[in-house]
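Colleague: Chains S and U supply the protein sequences, listed in that same order.
For what it's worth, my numbering labels the leading residue of the first sequence as 1, then goes sequentially.
For what it's worth, my numbering labels the leading residue of the second sequence as 1, then goes sequentially.
Simulated from the structure, these hints should not be mistaken for lab results.
Where is the CB? At the ideal position from N, CA and C, for every residue including glycine.
Wrong hints could be hidden among the right ones.
To be verified - The calculated lysine to aspartate or glutamate pairs, modelled on EDC-like cross-linking and capped at a C-alpha distance of 16 Å, are:
{"id": "1", "chain 1": "S", "residue 1": "LYS108", "chain 2": "S", "residue 2": "ASP90"}
{"id": "2", "chain 1": "S", "residue 1": "LYS161", "chain 2": "S", "residue 2": "GLU189"}
{"id": "3", "chain 1": "S", "residue 1": "LYS2", "chain 2": "U", "residue 2": "GLU174"}
{"id": "4", "chain 1": "S", "residue 1": "LYS108", "chain 2": "U", "residue 2": "ASP228"}
{"id": "5", "chain 1": "U", "residue 1": "LYS110", "chain 2": "U", "residue 2": "ASP134"}
{"id": "6", "chain 1": "U", "residue 1": "LYS47", "chain 2": "U", "residue 2": "GLU77"}
{"id": "7", "chain 1": "S", "residue 1": "LYS7", "chain 2": "U", "residue 2": "GLU218"}
{"id": "8", "chain 1": "S", "residue 1": "LYS221", "chain 2": "S", "residue 2": "ASP250"}
{"id": "9", "chain 1": "S", "residue 1": "LYS108", "chain 2": "U", "residue 2": "GLU231"}
{"id": "10", "chain 1": "U", "residue 1": "LYS149", "chain 2": "U", "residue 2": "ASP167"}
{"id": "11", "chain 1": "S", "residue 1": "LYS125", "chain 2": "S", "residue 2": "ASP192"}
{"id": "12", "chain 1": "U", "residue 1": "LYS191", "chain 2": "U", "residue 2": "ASP237"}
{"id": "13", "chain 1": "S", "residue 1": "LYS188", "chain 2": "S", "residue 2": "GLU228"}
{"id": "14", "chain 1": "U", "residue 1": "LYS8", "chain 2": "S", "residue 2": "ASP177"}
{"id": "15", "chain 1": "U", "residue 1": "LYS110", "chain 2": "U", "residue 2": "ASP237"}
{"id": "16", "chain 1": "U", "residue 1": "LYS207", "chain 2": "U", "residue 2": "ASP228"}
{"id": "17", "chain 1": "S", "residue 1": "LYS230", "chain 2": "U", "residue 2": "ASP167"}
{"id": "18", "chain 1": "U", "residue 1": "LYS207", "chain 2": "U", "residue 2": "ASP167"}
{"id": "19", "chain 1": "S", "residue 1": "LYS2", "chain 2": "U", "residue 2": "GLU218"}
{"id": "20", "chain 1": "S", "residue 1": "LYS230", "chain 2": "S", "residue 2": "GLU175"}
{"id": "21", "chain 1": "S", "residue 1": "LYS161", "chain 2": "S", "residue 2": "GLU121"}
Said to hold, decoys possible - Only some residues are given here: those of chain U computed to face chain S with a beta carbon under 10 Å:
{"id": "22", "residue": "ASP86"}
{"id": "23", "residue": "ILE146"}
{"id": "24", "residue": "GLY219"}
{"id": "25", "residue": "ASP228"}
{"id": "26", "residue": "SER229"}
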Amino acid sequence: MKFDRSKTFPYPVLRPYSDDYVDAEFQALAEFVIDEVGIKVACSYQTSSIELQQQIALGFAKYVSIISCRETYFRTVLSTDQAALESILDANSLRGEVTVDAYIVATKDIKNYGSPDINPEFGKKRFNFLPGEILAQDETLSIYIERDLFRPISSVFELVKSDSLSLGEWRVSLEQDHVHIEVSSVMKESIDNNRSSQSVRSVLLNSIYFSAVVHAIQRLKDDSDLQEFKWGKIMERQIHNQHIELATTDAYVIAQKLMKHPLAILNNYILKADYA
Amino acid sequence: MLDINLFKEVTVRTLYEAVPNNLDVYRNGSFEHLLADSSLFLASACKLNEEAALQIDCTAEDDNEVACCLAVTSAVEGVTAYLARDERLWARLTHIEFLNYARTRWPIPKDDEKAISHIRKHMFARGSRGVERDNAISRLWWMTNICSKVSGLSLEQSLEAFLHQSDVRASIIERPTTSQNSVVLSAVVNKLHESYVDDQALFEREKFRGVMKRLNIEGGIRLLEALDSHEIKKVVDKVCTS
Numbered sequence: 001m002k003f004d005r006s007k008t009f010p011y012p013v014l015r016p017y018s019d020d021y022v023d024a025e026f027q028a029l030a031e032f033v034i035d036e037v038g039i040k041v042a043c044s045y046q047t048s049s050i051e052l053q054q055q056i057a058l059g060f061a062k063y064v065s066i067i068s069c070r071e072t073y074f075r076t077v078l079s080t081d082q083a084a085l086e087s088i089l090d091a092n093s094l095r096g097e098v099t100v101d102a103y104i105v106a107t108k109d110i111k112n113y114g115s116p117d118i119n120p121e122f123g124k125k126r127f128n129f130l131p132g133e134i135l136a137q138d139e140t141l142s143i144y145i146e147r148d149l150f151r152p153i154s155s156v157f158e159l160v161k162s163d164s165l166s167l168g169e170w171r172v173s174l175e176q177d178h179v180h181i182e183v184s185s186v187m188k189e190s191i192d193n194n195r196s197s198q199s200v201r202s203v204l205l206n207s208i209y210f211s212a213v214v215h216a217i218q219r220l221k222d223d224s225d226l227q228e229f230k231w232g233k234i235m236e237r238q239i240h241n242q243h244i245e246l247a248t249t250d251a252y253v254i255a256q257k258l259m260k261h262p263l264a265i266l267n268n269y270i271l272k273a274d275y276a
Numbered sequence: 001m002l003d004i005n006l007f008k009e010v011t012v013r014t015l016y017e018a019v020p021n022n023l024d025v026y027r028n029g030s031f032e033h034l035l036a037d038s039s040l041f042l043a044s045a046c047k048l049n050e051e052a053a054l055q056i057d058c059t060a061e062d063d064n065e066v067a068c069c070l071a072v073t074s075a076v077e078g079v080t081a082y083l084a085r086d087e088r089l090w091a092r093l094t095h096i097e098f099l100n101y102a103r104t105r106w107p108i109p110k111d112d113e114k115a116i117s118h119i120r121k122h123m124f125a126r127g128s129r130g131v132e133r134d135n136a137i138s139r140l141w142w143m144t145n146i147c148s149k150v151s152g153l154s155l156e157q158s159l160e161a162f163l164h165q166s167d168v169r170a171s172i173i174e175r176p177t178t179s180q181n182s183v184v185l186s187a188v189v190n191k192l193h194e195s196y197v198d199d200q201a202l203f204e205r206e207k208f209r210g211v212m213k214r215l216n217i218e219g220g221i222r223l224l225e226a227l228d229s230h231e232i233k234k235v236v237d238k239v240c241t242s
């Protein structure tokens, strides 16, 4: 049962954008941590409704999160009477968009439920619920899971040589699946020969790579068609997963987050070393 | 057991674009010569069980669908749901190991224009529909994967009921509340199997659509995922008899 703000129920359901309850809220969060072993999901729930809290404490209702992935036909139901839970999911069972729907659900027959927060416009003040009927629902959360999304953003950038460029010139080309950073043959060879050095890498990240990422993000902001390229899709989904608004956040701020704050890396390998 | 390396993205793209030039190969030839060029492939954890792969076979008269589904997971080992969304795997298998099966099961039209779109539909696996419904091998894997979640029936029985009518199958797949929820899926497929061995009345297009519509209405009021299998069975019994 997906969240649908226009849907109405024959009984009060505490939901965003609904006035079934006049002064109460239900909020749920789901955070995913992905590593080599699997995907850990941490769900947490909060409601200001004392009456709903009581139904859970009495064992008549539970917090429920349904985690679904349409691409892999995966669906799991997590339920608890606590305000938080954790679970490990098989990394091989999720791919693409993963949604989390959170509810408070009746698990037993509930008779004569009432709350002073229920909108008086309902008319009656007492309600019965069957098992499976929902008492509260939050908006659907979504996250994209692809192995490429958890690699450094630099993995969609490729250094390529261009014979038309002079030693210090470089260009960015976006019209293919990887972002091409074009440099002269001599420069490419020089970078490739020194790439294993951490300090060189930290300088590269803060110079051409950072500028190239800012440029790519800015172009992505201006032209959503670029999401058809692999780099565009990965970048857009990484931005989504980090809860960043592409349209309203400056490209240089987004770039810092996607690149995990490269200035700190420069500090670790160059600046601190200079002061020592 | 043979290692199955995936086509690289660029290999898939090149083949897709070259379909018009390769029509004769698709109709009568083989792409096995590609195996000689390792730069076209990426390593994977998949293995081909050649003996089981022989069971994936059909004729112009008999698509042998249930047996092919039963064979596919043992023929291609190491495929996870994550990997099973990957066109690079299925394009490799339909071009190399299962080209004969693919062109027997999905005969290539004589008209060249029709042949191009037909080949791109059944030998590649673009998007959800391509992976789940169109590619000659991936569709077998996904139907088997869905049926493997059904309890109360053997895999063969589930496949028999699930594959009997394409309309019924599409109605189930299109509804994530049914196809993704193993308890609801089990209750529905068990009902279909009861009907399959009896009068097959539940497979009538309008009747089954009505059942799914009523199940949708039930799922719009109660969170079916929160019910146990006994409660779900009661709900499915009700929507099948009302």
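Colleague: Each hint needs a verdict: does it hold in this structure or not?
Modeller: Verification of the hints:
no., hint, in the structure
1, LYS108/S - ASP90/S, "violated, 31 Å"
2, LYS161/S - GLU189/S, "holds, 9 Å"
3, LYS2/S - GLU174/U, "holds, 15 Å"
4, LYS108/S - ASP228/U, "holds, 12 Å"
5, LYS110/U - ASP134/U, "violated, 19 Å"
6, LYS47/U - GLU77/U, "holds, 5 Å"
7, LYS7/S - GLU218/U, "holds, 14 Å"
8, LYS221/S - ASP250/S, "holds, 10 Å"
9, LYS108/S - GLU231/U, "holds, 12 Å"
10, LYS149/U - ASP167/U, "violated, 20 Å"
11, LYS125/S - ASP192/S, "violated, 73 Å"
12, LYS191/U - ASP237/U, "holds, 8 Å"
13, LYS188/S - GLU228/S, "violated, 28 Å"
14, LYS8/U - ASP177/S, "holds, 13 Å"
15, LYS110/U - ASP237/U, "violated, 48 Å"
16, LYS207/U - ASP228/U, "violated, 26 Å"
17, LYS230/S - ASP167/U, "violated, 35 Å"
18, LYS207/U - ASP167/U, "holds, 11 Å"
19, LYS2/S - GLU218/U, "holds, 13 Å"
20, LYS230/S - GLU175/S, "holds, 10 Å"
21, LYS161/S - GLU121/S, "violated, 70 Å"
22, ASP86, "holds, 9 Å"
23, ILE146, "holds, 6 Å"
24, GLY219, "holds, 6 Å"
25, ASP228, "holds, 9 Å"
26, SER229, "violated, 13 Å"
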